[in-house]
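Got chain A; can you put chain B on it based on the hints?
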Amino acid sequence: MISAYDISKIVLEQSMRAKVGHIGSSLSIAGILAALFGGVLEGKGPDDPDRDRFVLSKGHAALALYAALHLRGWISAEAMNTYCADGSMLGVHPDSELAGVDFSTGSLGHGLPLAVGAALAARMQRSDRRCFVLVSDAECNEGSLWEAVMLAAHQHLSNLVAIVDMNGQQALGYTKDVLSLEPLPAKWQAFGWDVLEVDGHDVAGLIRAIESLKTRAHAPHVLIARTEFGHGVSYMRSQIKWHYLPMSEADYEDALKDIETLR
Amino acid sequence: MRGAFVRGLVDIAREDERVVLLTADLGFMALEPFAEAYPERFLNVGVAEQDMVGVACGLAEAGFLPFCYSIATFASMRGYEFIRSAAVLHRLPIRVVGVGGGFEYGPAGASHHGLEDIGLMRLQPQICLIAPADYSQTLSAVKATWDMPGPVYYRIGKDDRRKVPGLDGHFELGKPDVLGDGADLLLLSTGAVSVEAAGAVQKLAAKGVRTTLAIVSTLNPSPGADLLALLGDFPVAITVEAHRVSGGLGSLVCEVIAENRLRCQAVRVGVSGPPTAVTGSEAYLLRRHGLDRDSLTTTALNVLAGTYA
Numbered sequence: 001m002i003s004a005y006d007i008s009k010i011v012l013e014q015s016m017r018a019k020v021g022h023i024g025s026s027l028s029i030a031g032i033l034a035a036l037f038g039g040v041l042e043g044k045g046p047d048d049p050d051r052d053r054f055v056l057s058k059g060h061a062a063l064a065l066y067a068a069l070h071l072r073g074w075i076s077a078e079a080m081n082t083y084c085a086d087g088s089m090l091g092v093h094p095d096s097e098l099a100g101v102d103f104s105t106g107s108l109g110h111g112l113p114l115a116v117g118a119a120l121a122a123r124m125q126r127s128d129r130r131c132f133v134l135v136s137d138a139e140c141n142e143g144s145l146w147e148a149v150m151l152a153a154h155q156h157l158s159n160l161v162a163i164v165d166m167n168g169q170q171a172l173g174y175t176k177d178v179l180s181l182e183p184l185p186a187k188w189q190a191f192g193w194d195v196l197e198v199d200g201h202d203v204a205g206l207i208r209a210i211e212s213l214k215t216r217a218h219a220p221h222v223l224i225a226r227t228e229f230g231h232g233v234s235y236m237r238s239q240i241k242w243h244y245l246p247m248s249e250a251d252y253e254d255a256l257k258d259i260e261t262l263r
Numbered sequence: 001m002r003g004a005f006v007r008g009l010v011d012i013a014r015e016d017e018r019v020v021l022l023t024a025d026l027g028f029m030a031l032e033p034f035a036e037a038y039p040e041r042f043l044n045v046g047v048a049e050q051d052m053v054g055v056a057c058g059l060a061e062a063g064f065l066p067f068c069y070s071i072a073t074f075a076s077m078r079g080y081e082f083i084r085s086a087a088v089l090h091r092l093p094i095r096v097v098g099v100g101g102g103f104e105y106g107p108a109g110a111s112h113h114g115l116e117d118i119g120l121m122r123l124q125p126q127i128c129l130i131a132p133a134d135y136s137q138t139l140s141a142v143k144a145t146w147d148m149p150g151p152v153y154y155r156i157g158k159d160d161r162r163k164v165p166g167l168d169g170h171f172e173l174g175k176p177d178v179l180g181d182g183a184d185l186l187l188l189s190t191g192a193v194s195v196e197a198a199g200a201v202q203k204l205a206a207k208g209v210r211t212t213l214a215i216v217s218t219l220n221p222s223p224g225a226d227l228l229a230l231l232g233d234f235p236v237a238i239t240v241e242a243h244r245v246s247g248g249l250g251s252l253v254c255e256v257i258a259e260n261r262l263r264c265q266a267v268r269v270g271v272s273g274p275p276t277a278v279t280g281s282e283a284y285l286l287r288r289h290g291l292d293r294d295s296l297t298t299t300a301l302n303v304l305a306g307t308y309a
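Protein chains in written order, with the numbering used here: chain A, 1 to 263; chain B, 1 to 309.
These are calculated hints, taken from the structure and not from any lab test. Beta carbons: idealized from backbone N, C-alpha and C, even for Gly. Warning: the hint list may mix true and false statements.
Stretches of chain A that chain B covers, calculated by requiring three or more beta carbons in the stretch to come under 8 Å of a beta carbon on chain B [to be verified]:
id : segment
1  : 67-73
2  : 91-104
Per the computed footprint, the stretches of chain A lying under chain B, defined by three or more beta-carbons under 8 Å from a beta-carbon of chain B, are [what the hints assert, rightly or not]:
id : segment
3  : 118-126
4  : 139-153
Okay, chain A solo, but in the shape it has when bound (with noise of 0.2 Å):
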């Protein structure tokens, strides 16, 4: 198993040891990587061909997607500690050339295509596998997300499952002063797809849900998972500032205070 808070606290450690911001983002999605890591995504490796594929749409939240990866074991502690350094391969935003990375992601509006195309790949083959992808509520802005969302209704993609992470929050501030998006459950379900509400930080009820999607609609599915931006550290929650801003020495040691609830 892996826990949403071993992602979390990886996450403000690797934060604050690059200095670098999009905290907030990658705190609201631990819980979520740690069901897909932990407990839904199958194959026998990274090079599997056959392995479920997942396509991390909201980019930004790359942290979060080594650290699971750490976790399972496919990149190493010391490849962790070169997050965000001169030469590293582990950017703020993920590529592809990482074992465990299916798709390079950080253009918002890119991933759901990407798994579009990757479950009718898999429905081409034959094959059972699965294609996840994790896409942000702000990124719900994007017009190709919904050419996607249309031509997977189109073609009744039941093995692909969308994730959306509805932390409420974007760049220059909350998702509904910027752009409304709800209904945004309706939306989904009016152009197709098979819908299902979620509390994105409980572990155990997201995959209890991804598996009960096996034996629903024929059509693609959208979890629409609640969550909160900076999930588990006090003064970031629903807090813009911390889409971008990196932690002081002393905002570490509260964060890390903090998430111990998260145990």
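Chain B only, in chain A's frame:
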């Protein structure tokens, strides 16, 4: 030429089940032979070029060879960031097929005139960039390059009747085809407008001007070494492309001349100046931009006489 492309693709798909054809809802009276032969490998994604390229990358990651078909403007520009950040950065073997570059969709208006695709693709050194001159060369080019590693951009003409005399369907990746050995002047052309360059060569011959014509159907991998050898032999070279004068063949020729300190004057014939609302047939628009055989002949004579402005 798009007929040649589809014909070639149908043959290739018979041999290789990795070949998939995607369209963003274009290709009426063109793609049917493929769609009918391989319905399970034909996908109309709807009017969604970004999605088409992204989906192609997802397919390519799993081992498919997806061809993405649209009109050159939409194929090259609407999904450009996907071409760059998904296909190029992942080194995935997708093929983007831009049909009717230049003014082949003449009366459709400026939105349909593909004048920037070659320049945009030249900016990505990992993209193999191919612009065949006529029907037979299109067929040869597709059959020679369909399974290359990494992404490929094809600028394919719309008109299947094009034929450049003497080219005889020859295509070799990265190599210009040199027609004739006239010592007075070098013309270089790329893509479907090459028939006009070839027509100008004949008109110039009638006036006693001996011309060499280089058909540059591969722009990347760079044909630079062959161009260097050619350009060194001529005091003046005229580039002909249904494209903006910057970024395409004319720019490539200028780079070779400048970087090698050649004593060769480059004259770039293409589209310059701001866009206008003026539209019309392809023949009219080529004439308007000096790209038809008569205008090219006049330009060549003026250049040789030292009266070209």
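### Task
Would you list, in rising numerical order, the hints stated earlier that this structure does not obey?
1
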